[in-house]
Amino acid sequence: TSNSPKEAEGSTGATNAPAAAAEGPAVTIGFSAPAADHGWIAAVTTNAVARAKLYKDLTLEATEGTNDPAQQISAVKSLIAKKVDALVILPFDGKALTEVAKEAMAAGIPVVNLDRAFSSPLASHTFIGGDNYGMGVSAGNFIAAQMKAKNIGNPVIVEIAGLDNLELTQDRSKGFKEALASHGLKVTARQAAEFTAATGQKVASQVLQANTKIDALWNHDDDQGIGVEAAIKQSGRTDEFIMVGGAGSKHVMDLIKADKSFVKATVLYNPSMSGSAISLGRLLAQKKGLSDLVEQEIPASITTYSATVTKENVDSYLPIGFA
Amino acid sequence: MTETMLQMTGIVKRFPGVVALAGVDLDVRPGEVHCLLGQNGAGKSTLIKVLAGAHRPDEGRILWEGSQVGFGSPVAAVRHGIATIYQELDLVDGLSVADNIFLAHEYASAGFVRGRETREVTVALLERLGHPDISPGTEVGRLSAAGKQIVSMARALSHDARLIVMDEPSAVLAHDEVENLFRVIRGLTAAGTAIVYISHRLEEIREIGDRVTVLKDGRTVAAGLDARTTPTTEIVKLMTGRTIEYAFPPRQSEPADGDPLLEVSGLTRAGEFVDVSFAVRPGEIVGLAGLVGSGRSEILETVYGARKAGAGTVSMGGRRVRPGSVPAAVRAGMGLAPEERKAQALFMLASIAENVVASTLPRFARAGFVDRRAALEAAAAQTAALELRPKDPRRPVRTLSGGNQQKVVVGRWLLKGCKVLLLDEPTRGVDIGARSELYALIRDLADSGVGVVVVSSEVPEVLGLADRVLVVADGRIVHEAPAAELDEHQVLDLVMEGSAVITKEDVV
Amino acid sequence: MTATEPATAPDAPVLRRAARLGSLGEARNLGLIIVLVLLTVVGAITAPGLFLTWGNLLNLLTTASVIGVVTVGMTFVIIAGGIDLSVGAIIALASVWCTTLASQGYGIGGMIFAAMAVATIVGAVNGALIAYGRMVPFIVTLAMYVSARGLAEQISGRRSQIVSDPAFAQIAFNKVLGIPLLVVILAVVAVVGWVLLNRTTFGRRTFAVGGNAEAARLAGIDVRRHTLLVYVLSGVCCGIGAVMLTALTNTGASTHGMLYELDAIAAVIIGGTLLTGGRGSLVGSILGVLVFTTITNLFILNNLETPIQNIAKGAIIVAAVLLQRRGDRRNAVTH
Amino acid sequence: MTATEPATAPDAPVLRRAARLGSLGEARNLGLIIVLVLLTVVGAITAPGLFLTWGNLLNLLTTASVIGVVTVGMTFVIIAGGIDLSVGAIIALASVWCTTLASQGYGIGGMIFAAMAVATIVGAVNGALIAYGRMVPFIVTLAMYVSARGLAEQISGRRSQIVSDPAFAQIAFNKVLGIPLLVVILAVVAVVGWVLLNRTTFGRRTFAVGGNAEAARLAGIDVRRHTLLVYVLSGVCCGIGAVMLTALTNTGASTHGMLYELDAIAAVIIGGTLLTGGRGSLVGSILGVLVFTTITNLFILNNLETPIQNIAKGAIIVAAVLLQRRGDRRNAVTH
Ligand SMILES: Nc1ncnc2c1ncn2[C@@H]1O[C@H](COP(=O)(O)OP(=O)(O)OP(=O)(O)O)[C@@H](O)[C@H]1O
Ligand SMILES: Nc1ncnc2c1ncn2[C@@H]1O[C@H](COP(=O)(O)OP(=O)(O)OP(=O)(O)O)[C@@H](O)[C@H]1O
Ligand SMILES: [Mg+2]
Ligand SMILES: [Mg+2]
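Residue numbers (my numbering), protein chains in the order written: chain A, 1 to 323; chain B, 324 to 831; chain C, 832 to 1166; chain D, 1167 to 1501.
Where hints are given, some of them may not hold.
[Claimed, not checked] Calculated cross-link-like contacts (lysine to aspartate or glutamate; reagent style EDC-like; alpha-carbon spacing at most 20 Å):
| no. | chain 1 | residue 1 | chain 2 | residue 2 |
| --- | --- | --- | --- | --- |
| 1 | A | Lys174 | A | Asp239 |
| 2 | B | Lys631 | C | Glu1045 |
| 3 | A | Lys150 | A | Asp171 |
| 4 | B | Lys560 | B | Glu760 |
| 5 | B | Lys631 | B | Glu557 |
| 6 | A | Lys102 | A | Asp131 |
| 7 | A | Lys311 | A | Asp254 |
| 8 | A | Lys260 | D | Asp1331 |
| 9 | A | Lys177 | D | Glu1471 |
| 10 | B | Lys539 | B | Glu760 |
| 11 | A | Lys287 | A | Glu312 |
| 12 | B | Lys560 | B | Glu526 |
| 13 | A | Lys257 | A | Glu297 |
| 14 | B | Lys665 | C | Asp996 |
| 15 | A | Lys82 | A | Glu61 |
| 16 | B | Lys665 | D | Glu1380 |
| 17 | B | Lys560 | B | Asp582 |
| 18 | A | Lys233 | D | Asp1331 |
| 19 | A | Lys260 | A | Asp239 |
| 20 | A | Lys260 | A | Glu312 |
| 21 | B | Lys665 | B | Glu411 |
| 22 | A | Lys174 | D | Asp1388 |
| 23 | A | Lys186 | D | Glu1471 |
| 24 | C | Lys1006 | A | Glu103 |
| 25 | B | Lys631 | C | Asp996 |
| 26 | A | Lys288 | A | Asp57 |
| 27 | A | Lys102 | C | Asp996 |
| 28 | A | Lys288 | A | Glu23 |
These aren't lab readings, by the way, just hints derived from the structure by calculation.
Chain A with its partners taken away, still in its complex shape:
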C-alpha cells in the first residue's frame, strides 16, 4: 500500500479523463458521509476530494463524517442552508437520511445518493452505488466454482463479515448464503469483525481456532482483510484454503496478480464510485447531460456490478484498486 497522495489519486481511477470534463459554470457540491472509522469509507471520502480537485469549475464542501444520523441530518441541513448546487450523500443509514434528502430536492438541490440507498425515489435525483447482495453472490459463485474444480465434497466455508449492525453487511451475507445454496453449499461459520485490520486479525485468529479444517474463506472487506491475512499467516495455515476478498484494495489485487498466496480473488465494491458520484453531481449542478449516453439524461440509478477480480482479469482492475 502507498502513502503518497499522488499515487493515491492514481489509484482512485480519477486520472482517466472524466466524462464531459469540459469547463462549465462554477458550482459547489456538498458532500456528506459517515465517520471514516474504516478504510472503505475513508477511501470514499478521499476519492471524492481527489476527484473534485480535477475540476477547476468545482468546489467541494465536505462535512465531518459521523455515525449519528442526527448529526448527519444537521450537516446536510447546513449544506442546504449554504445553497450548494448539488449534494452527494453517502448516508450512514439510508432510511434515516431520506427525509432531509427530500428537503434538499424540494429546495431544488439535486441529490446524488451514494451507495446506501434512501427509502424514497423522491429523495435523490440519482443513485450510484455498489451491489451488496451481488457482491455476496459473486463471492459465493467464485468459491462454489473453485470447490467444484477441486471437487471437494461439502467443503468448510467460513465467512468473516464486516460491521454486523449495518444493513449492507446483512445484504452481503444474504447474497453469499443464497449463491452458495444454489450450488448446494452452505456457510459453516460466520463471524463479524468491524471493517478494521485489528478486528479482522482478532476475529480471524479465533475463527481459525474454531475450524480445524477450512476449504474457503470469504472476507467482506479488504482493509479488514489485512488483519485476516496476518492471522492466517500467524496460524501457519497458508496453503490449506483459498481466501476471497471484498471491495478490491490495491494490496489484495497485487496479491492476486502475484498468485503466490492463498488470496485468489476479491469481489469488487469500489470506493472509486464516490468519484463518479462527484462527477454526476457536477453535471447535475451544471444542468449538463451525459454526452456519451444516447439519451442525454443522467440515469436515475447506477448500480456498479460487483465484478470478481481473479489473476486472469486483475490487470484491467489494478488501476482502480484503492489504497
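Let chain A serve as the given structure and place chains B, C and D with the ligands on it in line with the hints.
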C-alpha cells in the same frame, strides 16, 4: 533552658472571605510542652499548618533555630525536623498502617520498599504508643477514629523530629489512651524534643503543659503563661473574652418515670458487642462510658439500624423497629449524631446550611419543593445557638474549623428534634464555651421530653450530663447506675476490670 | 423549638462576601458562556451570513436537543455519584421497540408509550442492580450498554425500521411559535430538571447521596431507593430522547445513539460537575452540550478536512477548559 | 528512647474485627478466578476439542496481550485517581507514526523507537495538562482521544500502512519456548507492573495520591510530579501495545485501538480497582482482561450470532460481578 527553638512573629493568613490569622506570635523552647489554646476557629490549626508548610503565610516571619525559614512545602518542614499530627486525621485509608506511617519517607533501596524493616520499626513505634494490638499490615481504613489517631502519632514519631506539633490528639482518645500519649510525650521532652500541644481539655494542659499561648480571633492574646499556675478563669476569659462557669446544667429533680421510649434488649453483633439491653425514658439522658474500642459506637449504630444486629430487638414506644434499616429507625423517631464527622456526617462540598438541614428537609418542603429561605433561617438560628464561627451558613462546611464542623453535625440533630437522640462523642473538639452551650441545649431537649443517649470518652462529661450511666467494656454492659452514685475513679476501675474479666473468659 | 436564641440572620457584610464568592457552578458556567461567546464570534467571522442565521441557530439547537435531553438525566446520575454508560444503547433499544410493526400498529400514542416504557424499565434495571445488587455503576451500565444494543439488533434484525405514521414524523417538523418542537422539548426537560435538582428535596438528596453516601444514609436518607430513582430518571430522559431521535430520523435503528454516553458524560463534566459526584450544575451541562454542538457546527460551516477538524477539536476543548478555570479561582489548591 | 512503662491492655474488639476482614483485592480476585474456571468449564463442554487446546489457549492469550499491556498502565492511572480515555487513540497514532515510509526507512529499531517515543510524549502531554494545568483527567484525555486519532488520520491519509520489514512482522510470529513473544511481553509487563505497584515507593505513592491527595501532599509527596509520571507510564504501555498490535496486524492504521479505552477501563474496574482511586489490584485487572477475552473466544468458538453474543455478554458480566461480590463481604453494608 531559655533559648528559643522556634519563633513565629506577626503571622497573617487570609482565606477568601476570612482572616484566619491576623498577626500571631509564638515562641517554643527545646524540651518544653507548649500548649496552644483558643476557641473553635481561633486559628490554631491554621497556625500549625503554616508552621508545617501546608499553608503559605501572607505575612510574618518564622525563625527556626536562629535562622529565618519559609517552609514552601511540608517536606521542607519535615527536613528541618518539624513533624505534625494534623487535626483532621490525614491518612490514606487504602494503605496499611506501616505504609501510612512511612509514606514519603519509606525504608527503601533503589525505590524498593524494605518490607521487614518497615514492619519491625512500625511494631516498635506502636508498642511505644501502647498499641501492640494494631498490626502493621492492617488497612488504615478499618481502624477506628482512635486507631487512626494512634497511627498518625506513630507517623509523627517515625521521623525523629526536634519539634512535634499535635493538633488535638486527645480529642478521639479515652482516658487510658491519653495516659499513653503523655507517657510518650514525657519521653520525648526528656530527650529535648519540643511539643506544641493543642487541646480543649484544660485538665490535660495542667497535667502535661509547661507554657501556654492563647489565640483569639486569629491574634495572640497571651503568651508564655505558666500552664500549671495560671487560674482557669483567667485562661477562659482570655480565650472567650467572657467568664464561663464550666458547669453542667442541673439535672431534673425526680428521676424520669413512665414507659420507656427506647427499649433495647439482647442486642448482639458478633465480634463487636454481646447481649446489650437498656431502656431510655422520656426526658432521660443515658450515658455510655467505656474505653475506645469497647464498642459503644457499634451499639449506637446498631440501635439506629446502620448495622444489622446478629440478635436482639430494638423497640420505640413499645413497637419493634425493623432491624438494619436507618429509614425505619428515623421514621420511628430516632436520630444519630455519628462519631466520625468527616466520614459519617458531613457533606464537605455543601454549605453549612445544607449540612444542618440535611435530616430536616421535609419540614421545609411543600409538595417536595424546598422553601430555601425558611431552611436557611432555621440553619442560621441553629448555628447561632451553637456559636458557630464564622456565622454565615452559606459558607462551605469544609472551610470550617474542626470544632465548628462538629457543631454542625450536632446542630443537624438538635434541629431535627427526634423522640430519641443518640449522640456519639458530641463534644469532640468543641471548645469550653461552646460545650456548656451544647450541654444546655441537650438538657433542654431532655426537659422537652426527648430521650437522649450520650457516648463520650470523657468520663466527667458522662457523669455530669447523664442521669443514668451504663459502663461498657469489651462489648458488654458491665455496670449500670444513676450518675449521681458514681465517680470518675469507680467508672475507670469498672472499665478496666470489665475488660480484664472478659478477656480472661475469651482466652478460656 | 431547639434554638434557644432568636435566629440571627447573617449580617450584611457576610452576605456580600457570600455573594462575591459565588458558587463553583456559577463560576464555571461563566467560563463556558465566555467560551460560547468566543465560538460565536469565530463563527460570525469565519462563516459570515451562515453561522449567525436564525435557520442555522435552530438547526444547531435541534441537533443539540436529543443529546441535551440525555445529558439532563446523566447530570443527575453523575451528581449522585454514579455513571450511566447505557444511555446510547437505551435510545437504540427504545427507538427499535417503538418502531416494530407491532408497536406502530398502535399509532403514535402506542409508539411513544413503547419507547418510554422500555427506556424506563431498562433504567430501573440499571438502578436496581446498582442500588440493591450493590454493583459498580460502571460495570452494570457497561453490561447494559452491550446487552441493550444486542437486543435492539436482535429485534430489528439489524435493519432500520421506517416510521410509517406521518403524525409521528411530524414531531420533528412541528414548530411552536417558530421554534422546532424538539428544541422546545429540550427546553422543557432542562427547566424541569433544573427545578427538580435545585428546588426540591429530591435534588438536595441527590447532592447528598453523591457527596457522602454514608453520611446521607446516617442522615436518614434512603440512599438505595434514591439511587434507583436517579437511574430511572436517566432512563426516562433516554426514552424522550429516543422518541425525538426516531422522529428526527423517521426510523428506529439499533445503530441510533452511538457514542451518546461519551458525548453526554463529556458535556456534564465540562459543565463543571464532579465525576466523583456531590457537586454539579445542570446549566453547566446544557452549556457543555451547546459548546460541543457549536464546535461541530462551526467545522461543518467552514468545510475543514475531517482529520484537521479532530485535531483542532481536541485543542479547542482544552482551551475551553483552561478558559473556564480562569473563571473558577476556588480549585486553585496549593500543591 | 523506647517504651519505659508497660503498654496498656490491647482493646480486643479492634483485633477481632481487623482479623476477620480479608483485603478487598484478594477477595475480588478469588471471585474472578472462580468466574474464569466456570467459563473454562463452559468452554470445555460447549466446544469440546476446540476450547481446551494448547493452540486456542495461546491464541486467546495473544488476543489478550495488547489490551492487557494497555490495562496495566490504565490500572496505575485509575488507582492514582485519574482516567485515560486516550489509550486507543495513542495506539493508533503510535502505530501510524512507526509505519510511515519515513520511519520504516530506519528498519525495526527505528519503528519501535518511533512508536515508543510518540506514545510516551502524548502520555506526558496528558499528564502535564492534568497535573500542572490542573484540568480534569476525563476532559484532557477525551480531548487527546479526539486529537491523537485525528492526527493519526492526517498522517496516514486514513490508509492502512502495511509493514514492509519482515523482521517487524516476526514479532508476532516469534515464540519463546513455545510461547508467543506477544504473550511473553504481556507477562513481563504485568510482572514489572505488579512489582512497581506493590513493592516500590512509586507504587505506594500511587495509592496515596489516588486515595487521599491532600494527605499525600501533607506527607511530602510531590503529587503533581507523581500524577505526571503515572500518565507517562500509561503512554509507555500504549507504545508497547502499539508495537504489538502493528506486528500482529502487520499494519499501522488510524483505526487501531478503537474502544480500547473502554475495554481497558472495564477490565480494571471489574478487577476490583475503585474508579475513584486509592484501592486496586493489578492481578485483578489482568484477570479482568482474561475474563472478557475468554467470553468473546467462547462465543466465536460456538459461532454465535452477533446480537446473541452481545445480549449474553452483558448478562455474563453481571453474573460475574455478582459471583465476585460473594467473595467480598466488606461492602455488605445495611441501608
Ligand atoms: N481552607 C479554608 N478556607 C476558608 N477559611 C478557612 C479555611 N481553613 C480555615 N478557615 C477559617 O480560619 C479560621 C481558623 O480556623 P482553624 O481551623 O485554624 O481554627 P482552630 O483554632 O483550629 O479551631 P478548632 O479548635 O475548631 O480546630 C476559621 O474561621 C475557619 O473558618
Ligand atoms: N478494628 C476495626 N475494624 C473496623 N472498624 C473498626 C475497628 N475499630 C473500630 N472500628 C470502628 O470505628 C468506630 C469507633 O468504634 P470503636 O471501636 O472505637 O468503639 P467505641 O466504643 O465507639 O470507641 P470510641 O467511640 O471511643 O472510638 C466504630 O464505627 C467501629 O466500628
Ligand atoms: Mg483546629
Ligand atoms: Mg465510638
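**Request:** Hints the structure violates: just list their numbers, smallest first.
**Result:** Checked against the structure, the hints that fail are numbers 1, 3, 5, 6, 11, 13, 14, 17, 22, 25, while the rest are satisfied.
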